[in-house]
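Chemist: Chains as they are written, first to last, in my numbering: chain A, 1 to 507; chain B, 1 to 94.
No lab work stands behind these hints: they were computed from the structure.
We treat Cβ as the ideally placed atom computed from N, Cα and C, and that holds for glycine.
Take these hints with a grain of salt, some might be off.
[To be verified] Okay, the calculated beta carbon distance ranges per label pair:
1. A:Val390 with B:Ala30: 41 to 49 angstroms
2. B:Ser57 with A:Asn310: 53 to 61 angstroms
3. A:Gly101 with B:Gln29: 38 to 46 angstroms
4. A:Pro304 with B:Ala30: 29 to 37 angstroms
5. A:Val183 with B:Gln29: 14 to 22 angstroms
6. A:Leu94 with B:Gln29: 21 to 29 angstroms
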Amino acid sequence: MRGKRNVWRAILVAAIFLAAPLRCLAAESSGHESLSEIRNEIHQLEADRARDLQLMERLEKRVDQLESENAQLKAANAQIKSDATEATQQVKTLQAQVESGPNPKAMASAVSSYLGTHSFTVTGSAGVGFIYDQQSSGYTGFPNQTQNDFFLDWEPMVLYRPNDWMMFEGVMSAAFGQSGTGVDLSTALFYLFPFDKLTLAGGLFDQPFGDWYEDQSPMWVNRFVTAPLPYGVEPVVPPAEMGLQARGGLQWGDLGQDFDYTIWGGQGPSYSENVLGAVSTSPTAAANKQTNGKSMGARFRVYPFPLDANLGRLELGASTYNGKWLSGNWLTSWGLDFAYLNGNLQARGEFLRSYRQMPNGLPQDNREGWYVQAGYFLSDLKLPGAPDQVNQYLSRLEPLIRYSGVNQHFVAIDDVKGATGIGLGGVQVGFIPDFGLNGSPALFAPHSREVALGLDYWIAPSIVWQNEFDIELPHAGGTFVKADGTTVGVGATPNDHAFLSQFTIGF
Amino acid sequence: MKRLVVTLILATVMSGLCSVAACAEQMTQAERRKLFQTGAKLWPVYCAQCHNARPGSEFAPYQWDQIIMHMRGLSNMPAEDARAIVEYLKGGRE
């Protein structure tokens with residue numbers, strides 16, 4: 001049994017050995033085919049790989065290109081962002097500039113260069129008002145007068161400045177009232193400024209005697225509607241002169257301690273008629289009048305308080321004016337004045353005196369006049385319990401008081417003619433407002449006294465509504481001398497009251 | 001001799017004119033500031049001596065140049081003070 005099993009085992013081994021080569025032969029023939037396929041595949045793969053490599057190269061190039069483009073885009077984007085930021089900033093700056101408005105300095109420079117070096121400016125003043133005056137009785141030989149008139153005055157001043165050391169100024173006056181109209185040339189003056197302490201002026205000018213004619217005569221500057229008596233209806237010295245001036249000022253101590261001088265010479269004192277007559281109140285008439293002599297005048301002012309001492313500003317002045325008014329007949333005059341300013345208080349006063357020799361053995365025409373006035377701004381006034389608006393109105397008020405007088409020892413008929421103003425039936429209407437209107441009927445009164453009460457309402461520093469109540473105090477009239485030399489006793493002068501209201505603008 | 005005197009006077013006046021003009025041109029910023037401060041002190045007092053002081057905004061700078069010449073001619077204020085006031089009036093507009 002055992003032997004049989006071994007036989008079968010040997011047969012199986014033999015079969016296996018026989019079968020193996022057969023299998024190898026078959027495998028060899030099929031391997032040849034596979035190898036070829038594999039080679040083909042390998043070729044195919046190599047071709048594919050080459051294509052892939054090319055593709056990859058192209059793609060790599062494209063990527064590089066895209067990266068480059070991206071970088072460029074990023075740079076461009078950054079630039080755009082920067083530009084946008086800058087533009088936004090510029091817009092903001094421009095917006096801020098537009099909102100804050102034009103630069104005044106640049107604007108001023110542009111306007112100045114546009115206008116050129118020769119420049120004109122028109123300033124001046126204008127006023128409209130009403131006067132009511134009722135005389136209680138007439139003077140000897142004259143009926144009593146009544147005024148109930150509106151009036152208008154316009155005084156433009158032209159300034160022409162070709163450079164910083166030369167200027168021309170001219171003032172025209174045009175006045176309109178119920179009794180007439182008038183136009184006049186108030187001043188026409190050339191200025192030269194050769195040195196700091198010297199100014200030269202030539203032409204037709206307000207008399208630099210005292211402070212009134214030169215400084216206080218513009219309507220919006222004068223706190224009252226009228227002029228004080230010695231500068232108004234009964235002038236002590238002529239109001240205008242045609243000639244030359246030398247003037248200047250210097251600081252002699254601390255800031256505010258100044259001294260100034262004015263010296264002038266001119267045509268001579270002018271009167272309305274070349275016979276017995278009053279001071280000519282028309283500057284044009286002054287320019288045209290032949291007086292047979294020239295005049296000389298001088299005025300000096302000193303300011304004693306330094307600004308930092310807080311004592312206010314005090315001005316002390318002295319004036320003189322002398323000349324032959326008719327042939328060998330002299331007019332001599334002098335005056336003293338003061339002005340004081342301290343906070344809301346302002347006060348001023350003058351005393352002036354003149355002596356005029358008369359022809360034909362007539363008594364000398366001696367005159368003296370004065371005024372003192374004060375005003376106080378109520379800008380700090382606050383009424384307790386009053387509404388704000390009421391206090392605001394009150395703070396714009398300035399109450400005023402003035403006392404003025406003239407002693408006149410000789411009155412000529414053309415005192416009346418020469419001194420007439422709007423509403424008084426005069427013909428020389430235009431010039432009167434140069435130095436103030438006056439409703440005073442004391443025109444004929446050689447010894448007149450007047451108390452003026454005023455209340456100004458200031459709308460702006462140069463716009464004011466002025467109200468004035470004049471009270472004439474009766475005194476003896478003295479002697480009235482007619483143009484033919486005959487004298488008439490005037491007798492007692494009537495007392496009366498006048499009310500004036502004026503709205504005026506300084507422009 | 002007379003001609004010499006006239007020539008000397010004219011030469012003096014002309015040199016004065018030149019110095020005034022040059023003075024205005026040559027001011028430095030610091031000098032202008034100092035003038036402005038002085039003008040601010042003088043303006044309310046010097047102007048109010050005769051009339052209410054008017055603010056710088058009322059007129060253009062070139063007009064103030066003319067108006068201050070007019071006021072200098074009337075008030076005889078020292079030239080340095082006039083320069084300070086006009087500097088304040090012009091500068092106060094800004």
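Chemist: All the hints need checking, so say for each whether the structure fits it.
Modeler: Structure-based check of all given hints:
no.	hint	result
1	A:Val390 with B:Ala30: 41 to 49 angstroms	48 angstroms, holds
2	B:Ser57 with A:Asn310: 53 to 61 angstroms	27 angstroms, violated
3	A:Gly101 with B:Gln29: 38 to 46 angstroms	23 angstroms, violated
4	A:Pro304 with B:Ala30: 29 to 37 angstroms	31 angstroms, holds
5	A:Val183 with B:Gln29: 14 to 22 angstroms	48 angstroms, violated
6	A:Leu94 with B:Gln29: 21 to 29 angstroms	27 angstroms, holds
Checked against the numbered hints given earlier, the structure breaks hints 2, 3, 5 and satisfies all the rest.
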